[in-house]
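Q: Here is what each chain is made of, one letter per residue.
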Amino acid sequence: MAVKVIIPTPLRQYTEKRDAIELEAGTVAEALAGLTSKYQGLRKHLYNEEGKLRSFVNIYLNDEDIRYLQKDQTPLNENDIISIVPSIAGGQNLQCICS
Amino acid sequence: MALRLTQGHIDSIAAHGAQEYPNECCGAMLGVEVDGAKEVRQLAPLRNLRHDRARAEELLPLSEPEKESEKNRFLIDPEDMLRVERDARKRGLDVVGFYHSHPDHPARPSRYDREHAFPWYSYVIISVEAGKPGTYTSWTLQEDRSEFDQELIEVLGVNVPQGATAIAESRRQG
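In order, the protein sequence lines correspond to chains A and B. Just so you know, we're using the numbering used here here: the first sequence kicks off at 1 and counts up by one. Just so you know, we're using the numbering used here here: the second sequence kicks off at 1 and counts up by one.
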């Protein structure tokens, strides 16, 4: 299936500044594998050391979070749009409550 | 890369931080890259998803839930993020970074901030002491994710390399 992957701004430096990449894939996992083999610099920002998607990287297929579909085994249809959406999180150092 | 914004943007971030005190506020900054600087055109104040414990835990579990809450953690719902990114793209803008407040805490990034950051984005932090907005700074994550670098903030042509006090000083002068 021909699908499109939307690249968020901070990761475009690894995709030759392109904001969307078109590729052929049957599942979300295949699409991401195709993407990271073509643009290897993406790998460390999408996957952790164990090769799993980082907890603060979300993948949407059209308008649905793949967590609530079949995760990375979600099958793709022609012209589907996959979005890489960072979870933006932060906060302050935790105060020590030791005595 | 410097971050350019107007005094109006700073005032809005400060007001949002004061309004949410003692909790953390958060929002996205939309803009464009011009002459090697990120220029903010619009702010998108967003809900701190840490108020919705169940959904927040599903998306990004806390490591020390007994110590962590909306008072010291923020999380932007990826659905809000997807919506903001789409709206921005329609208008020829990009998400250039985010702001959040540190209630009763300095405007310096924490280890938690670094562990959850992405390179390139600008991360503006504003300190809100006892409900009053104070110093603000901006940071970008190094490529190897090891450290944040403090970023130059340009406000109406004034360089603020080491942070500045949000409202009082500029209003007093203006």
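Read the hints as simulated data drawn from the structure, not as lab findings. Treat the numbers as computed from the prediction; the structure is a model and nothing was measured. Treat the hints with care, as some may be off.
Interface residues of chain A toward chain B, partial, derived using beta-carbon atoms under 10 angstroms [stated by the list, open to error]:
id	residue
1	Ala2
2	Thr36
3	Tyr47
4	Gly51
5	Gln70
Below are the DSS-like pairs computed for lysine-lysine, each with C-alpha atoms no more than 30 angstroms apart in a straight line [stated by the list, open to error]:
id	chain 1	residue 1	chain 2	residue 2
6	A	Lys71	B	Lys90
7	A	Lys52	A	Lys17
8	B	Lys67	A	Lys52
9	B	Lys67	A	Lys38
10	A	Lys17	B	Lys67
11	B	Lys67	A	Lys4
12	A	Lys71	A	Lys38
13	A	Lys44	A	Lys71
Even for Gly, the Cβ is constructed at its ideal location relative to N, Cα and C.
Q: It remains to establish, for every hint, whether it holds in the given structure.
A: A quick look at each hint next to the structure:
{"no.": "1", "hint": "Ala2", "verdict": "violated, 21 angstroms"}
{"no.": "2", "hint": "Thr36", "verdict": "violated, 16 angstroms"}
{"no.": "3", "hint": "Tyr47", "verdict": "violated, 13 angstroms"}
{"no.": "4", "hint": "Gly51", "verdict": "violated, 17 angstroms"}
{"no.": "5", "hint": "Gln70", "verdict": "violated, 17 angstroms"}
{"no.": "6", "hint": "A:Lys71 <-> B:Lys90", "verdict": "holds, 28 angstroms"}
{"no.": "7", "hint": "A:Lys52 <-> A:Lys17", "verdict": "holds, 25 angstroms"}
{"no.": "8", "hint": "B:Lys67 <-> A:Lys52", "verdict": "holds, 27 angstroms"}
{"no.": "9", "hint": "B:Lys67 <-> A:Lys38", "verdict": "violated, 42 angstroms"}
{"no.": "10", "hint": "A:Lys17 <-> B:Lys67", "verdict": "violated, 40 angstroms"}
{"no.": "11", "hint": "B:Lys67 <-> A:Lys4", "verdict": "violated, 41 angstroms"}
{"no.": "12", "hint": "A:Lys71 <-> A:Lys38", "verdict": "holds, 22 angstroms"}
{"no.": "13", "hint": "A:Lys44 <-> A:Lys71", "verdict": "holds, 20 angstroms"}
Hint compliance for this structure: hints 1, 2, 3, 4, 5, 9, 10, 11 are broken, all remaining hints hold.
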